[in-house]
Amino acid sequence: MWLPRHDPIKNVLYIDLTLKKFWVEDRSDLFEEYMGGTGVAIKLLEEEIPRNADPLGPDNVIVFAIGPFNGVYPAASKTVAMFKSPHTGNLGESHAGGRSSIALRLAGYGAIVIKGTSSLPIWVSIRGKNVVFNDARALWGMRSSYTVGRIIRENEPNPGFRTIMRIGRAGEKLITYAGVITETYRHFGRLGLGAVFGSKKLKALVVSGRGSIPISNKREYRKIYKELYDTMVKSPVMKKYHDIGTPVNVLRLNEIGALPTKNLKATKFENADILSGENLAKGYLARRMACSHCPVACIHLAALREPYVDEPFFYKTTFVSYDYEPIFALGSMLGAKSVDGFLRLLDMIETYGLDAMSSGVVLAWITEAFERGLIGEKELLGEKPKWGDHEIYMRIIDKLVEQPNDFYKAIGKGCAYASRIYGGEDFALTFGGNEMPGYHTGPAAPYSFMVGARHSHLDSAGYSLDEKTIGKELTEEEIVDKLLEEERWRQVLTSLVVCLFARGVYKPEIIVDAFKAFGLTVKVDDLYELGKKIHMEKYKFKIREGFDLDKYKFPKRIFETPTPHGYLSEEKLVKMKRIFKEKIINEIKPIS
Amino acid sequence: MFACARRFGESGVAKSAIRVSSVGGVETGYRIQVCRACTDPPCASVCPTGALLRRKGGGVMLRPNLCIGCGNCVDACPIGAVQWDIELNKPIICTHCGYCVDFCPHGVLELIDLKERGEIHVAPKA
Numbered sequence: 001m002w003l004p005r006h007d008p009i010k011n012v013l014y015i016d017l018t019l020k021k022f023w024v025e026d027r028s029d030l031f032e033e034y035m036g037g038t039g040v041a042i043k044l045l046e047e048e049i050p051r052n053a054d055p056l057g058p059d060n061v062i063v064f065a066i067g068p069f070n071g072v073y074p075a076a077s078k079t080v081a082m083f084k085s086p087h088t089g090n091l092g093e094s095h096a097g098g099r100s101s102i103a104l105r106l107a108g109y110g111a112i113v114i115k116g117t118s119s120l121p122i123w124v125s126i127r128g129k130n131v132v133f134n135d136a137r138a139l140w141g142m143r144s145s146y147t148v149g150r151i152i153r154e155n156e157p158n159p160g161f162r163t164i165m166r167i168g169r170a171g172e173k174l175i176t177y178a179g180v181i182t183e184t185y186r187h188f189g190r191l192g193l194g195a196v197f198g199s200k201k202l203k204a205l206v207v208s209g210r211g212s213i214p215i216s217n218k219r220e221y222r223k224i225y226k227e228l229y230d231t232m233v234k235s236p237v238m239k240k241y242h243d244i245g246t247p248v249n250v251l252r253l254n255e256i257g258a259l260p261t262k263n264l265k266a267t268k269f270e271n272a273d274i275l276s277g278e279n280l281a282k283g284y285l286a287r288r289m290a291c292s293h294c295p296v297a298c299i300h301l302a303a304l305r306e307p308y309v310d311e312p313f314f315y316k317t318t319f320v321s322y323d324y325e326p327i328f329a330l331g332s333m334l335g336a337k338s339v340d341g342f343l344r345l346l347d348m349i350e351t352y353g354l355d356a357m358s359s360g361v362v363l364a365w366i367t368e369a370f371e372r373g374l375i376g377e378k379e380l381l382g383e384k385p386k387w388g389d390h391e392i393y394m395r396i397i398d399k400l401v402e403q404p405n406d407f408y409k410a411i412g413k414g415c416a417y418a419s420r421i422y423g424g425e426d427f428a429l430t431f432g433g434n435e436m437p438g439y440h441t442g443p444a445a446p447y448s449f450m451v452g453a454r455h456s457h458l459d460s461a462g463y464s465l466d467e468k469t470i471g472k473e474l475t476e477e478e479i480v481d482k483l484l485e486e487e488r489w490r491q492v493l494t495s496l497v498v499c500l501f502a503r504g505v506y507k508p509e510i511i512v513d514a515f516k517a518f519g520l521t522v523k524v525d526d527l528y529e530l531g532k533k534i535h536m537e538k539y540k541f542k543i544r545e546g547f548d549l550d551k552y553k554f555p556k557r558i559f560e561t562p563t564p565h566g567y568l569s570e571e572k573l574v575k576m577k578r579i580f581k582e583k584i585i586n587e588i589k590p591i592s
Numbered sequence: 001m002f003a004c005a006r007r008f009g010e011s012g013v014a015k016s017a018i019r020v021s022s023v024g025g026v027e028t029g030y031r032i033q034v035c036r037a038c039t040d041p042p043c044a045s046v047c048p049t050g051a052l053l054r055r056k057g058g059g060v061m062l063r064p065n066l067c068i069g070c071g072n073c074v075d076a077c078p079i080g081a082v083q084w085d086i087e088l089n090k091p092i093i094c095t096h097c098g099y100c101v102d103f104c105p106h107g108v109l110e111l112i113d114l115k116e117r118g119e120i121h122v123a124p125k126a
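Protein sequences, first through last, are from chains A and B.
Per the working numbering: the first sequence ends with 592, consecutive numbering throughout.
Per the working numbering: the second sequence ends with 126, consecutive numbering throughout.
Here chain B stands alone, though its shape is the one from the complex (with noise of 0.2 Å):
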């Protein structure tokens, strides 16, 4: 969660793409919530004025020019993945960039290259 803000040499978590919390309070454990990269992501869909444009391989982009800050990616995303700026009022879209990865000392979170395991999808066209 930290990690994420860095990336771009920011701190706290208001940039963070990335969301860790308890299941129930501490005494149950913890999840992560992050971007899948769905091959057929439902946030694309209910974009209203395509901001969030499909990637190859799966997952979005965020073009924030078109980004009138409506949040329904948010409602769209039933695991919870896309965050909300709230200082910018506009979602904040995992890029897959692995950066977290790299600041996971248990193994938690992973960063698998597609492409090289030959899982490769392109999300069908709207």
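Isolated chain A (complex conformation) (with noise of 0.2 Å):
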């Protein structure tokens, strides 16, 4: 139904990284039932993935996917990575942009298999149908991620149609939350895809390719093109995130009383103005750039100028990206005082490839732990954290990453690992494994982190939800069927894949239009039962893989401090997760 004719998406690309060795599929079954993206992903994960594997052993299989939309229509820009999380122990999902998409769809694949686990440390470049697997040994334990990405640019051919994807000393470690990289500004952040790299010996992966991708109706293909990019271009939908950007939540967020602070001590931060988008953009903003086939620009990239130490008049400029969920990690959830000392920290966790977002929650919940005595000196090593001390926390990430002890091996697998061993379950802010992301907007966001298939807050974007209806009370019943919808709707759009920021422009029934390009008849219903199979598909993944919905609590911090809703109610949170649980999980048979 989804597979536009002589399409080479259908191509699924197998690479077993123990048999250096590598094979092309026809998975026309898959793309024409699932689409792609998200869809196929899970599949081919659950086709894959034995049973209860190691997320950091050889069983584990990364898969990349993308959908017919990528290459084709604009803002579709997003590859969908899934695997098995190390960090939660369950379903792996993260997206980046850059140029991966296009790279992938225009060597001609919809997906990649990335299979086995490699002897010595390699990166492997996909050239078109050519794969090669490169020697990485010299690479393998180097301080900085820029220096890799430098070096591996140098190395390959291609510039201009290939995306260069690369781990840091992070992912090396396993750091659970440590990430992968793309075009050295974009991220498959989440969920510990780096360690999963690292575990493999794979420090970097390659795609080039500069095909073409078939259109049957060229003339409806230019008309729904020109609709889609003027929508983007220039209606409000999207400007947003091309002025200020995300940042702009930064005070937004903490007018209402919905930016977490100290460790969500607070939810109002006293240097908001400092960290915040309109005070970036004015002092720091240094470029706007774009993904590959995206209008918009979103990326904004600060610039931050360090003198030597030991020179007057030397400095050095990096440029380092940002965005909210960076901010609130490393900023207000830290207490943060100054930008230099914010994007130092942030400069310092993209050298080593770390996750910002759970990063800063892991060292929020140190700074706290370590006030409550639960931890001290003998476990950080001489380090005292302290709320807005940004060089104590950027020393505490440089031991984080050398792992010298006990305690720093704990906070490597994130801190609710760490606070079953050390105490302080109660203010570890993770959900279902997951350090939270930047929202304490009311019941529905942190209902949205523990039910979300990947615990993320794009996955039904429930803070959105809780935004929307402040000065009302919504029941557990419709926020449970709000969230729910809006899951499942998402999954269409992860599967075409387009990025969640074009949510806006790209409507059901534009969609059914864009699909006629291909020659494809869809209707709008169609796409609302894919969201729906995919929802069910992946939770079907996570309960195979031992998920437990019962297994997970709310922390308890999130009742201690208001919300634009008030104080949440834990009996409400408690009621919605079983409704979630009487809808979803009941339904799901166990798989024999």
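Derived from the structure by calculation, the hints contain no laboratory data.
Treat the hints with caution; some may be incorrect.
When the alpha-carbon atoms are kept at most 25 Å apart in a straight line, the in silico DMTMM-like pairs for lysine to aspartate or glutamate are as follows [as the list claims (entries may be wrong)]:
hint, chain 1, residue 1, chain 2, residue 2
1, A, 218, B, 75
2, A, 282, B, 27
3, A, 583, A, 426
4, A, 581, A, 426
5, A, 507, B, 87
6, A, 551, A, 526
7, A, 581, A, 570
8, A, 223, B, 27
Taking the hints as your guide, dock the two standalone chains into a single complex.
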């Protein structure tokens, strides 16, 4: 139903790192039924990963998948990665832009499946039909992920048509919230794909491609493209991402009292003005960039100017990509005092290839656990964390990546893990094992982090529902239903694969029109059905791998700090969880 | 880059006459390589079969039936504005139609009518 005729998207490239072997299979079956992206990735994952596989063992599999709209329509710029997460021990899904989806699409593949483990560090280059295994021993252990990117860039052909996905030292050290960096400023950030790369001794994956995609109705194609393009650049639906960018949220959330501050002891941040998107744009914004084939340019780069310590009038200027989530995690959550401190910490996290969000929430937990005496200088090897002191936080990050003792090894597995050992679970802000995103907006946000299939704010945007309903109280049933509807719909968007920032443009009717260019007639209802099916498939996989919603409790802290909806009721959230369980989990029969 | 391919209803970049790439990594910014319609185009000078025809006002036109796919034109262009069609093994020559300009949201590309500005140059005959 969803597979365009003669489209190379049906080709899935399989790479076995153990055997250094690769082959292509025609998987029309999957693309026909599950469209692409999230839909195809979850089926490939289910096929390829043996039950209860160790996420950091050779049995884990990495899937990258794209959909029919990538390379064809504007802002269809994302690639979906799926794997078993070493961070939560269950379904891992993370999306990134850059040039990744375009390179994959124009290399002539719909998905890549990476299996096995290499015996020595390698980087793999996919150049159209050819796959090359390169020796990466000289890159292993290198301090800066920026340098790794530069060296690979200089050693690889096809500039302008390639994506260079790489890990930093954090991934090599198997920190369970290490990410994969692509095109320097974009990330498969969450749930530890970087550690999975590291466990496979895969330092980088380069994909280059410059082919064509068959279009059957050329006139229709140009017309719909123009319509989508005009909506994106001329209407206000995407303007906020373009102007100040996602950091516009800092002041907005602070004003309504929803900005998590100092490990969510508060939701108002005294330095919100300093770390606001407006202030960053005024004093630091150096350049804006776009992912390949997107007219929006939401990527904001700040210029960080650092003087040499021992020489006057010498400066190092680095470009650091900032967004709302890193500002929350490494800014308000840590009580940041200056933009420079925040940017230096963020730059260091990029250097090592960590997930900025989990890193910030882990540092916040460490600070509070230290304040309460649960951990001391002995565990921290002399460090005394203090809100707003980024120098200390940078030293802690250095040690986190070095892993010199049991404490640093424990925090390398996230604060859910560390708090089970050292105490402080009540203020370890994790949901389903994953550290929280930057929204304490009301009941829908923490509920959505808990039940969302990837424990992300992007699963169903509970925060957005909270914000729209300030002053009103929805029933538990209403919240559960609305967010379920949203999460199901988003499976369609991430199977196409369009950027979720363009969700306001890619309405069901226009998606139906856009399929006409491929000569495919689809109905709006078909889209909804597909979303529902994919969401169910993801949950089936989670259950197969032992996901138990009852095992996860809401951290006490979220009930102690007010939201724009007042103090949250634990009873209400637990009831919502129960309703979700009845609606979804009890529907899934155990897979034999 | 994508718009250029789309002018014929194609998708992807295989038929694109424009190229976008970073200048030594995305950290340092981007460049666009596009034909500037030289009044005395070197690409035409090195074409052994006369497949590249000088256009009035600058630039060249490709006569595909004469092109043997030698690639001399690509090497001769110092700004890298002659792209290569890997599917047909022939150069992709910009016709200065301006379709790309309509899809450049940040005003980087511009189509200038030289006649209006009184700057029309006719390339000297070979």
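We went through each hint and held it up to the structure:
1. 218(A) x 75(B): Violated - the C-alpha atoms of residue 75(B) and residue 218(A) are around 33 Å apart, more than 25 Å.
2. 282(A) x 27(B): Distance of about 20 Å is within 25 Å: holds.
3. 583(A) x 426(A): violated, 28 Å
4. 581(A) x 426(A): holds, 23 Å
5. 507(A) x 87(B): violated, 35 Å
6. 551(A) x 526(A): Distance of about 35 Å is beyond 25 Å: violated.
7. 581(A) x 570(A): holds, 16 Å
8. 223(A) x 27(B): The given pair, whose Cα atoms are some 35 Å apart, is violated under the 25 Å limit.
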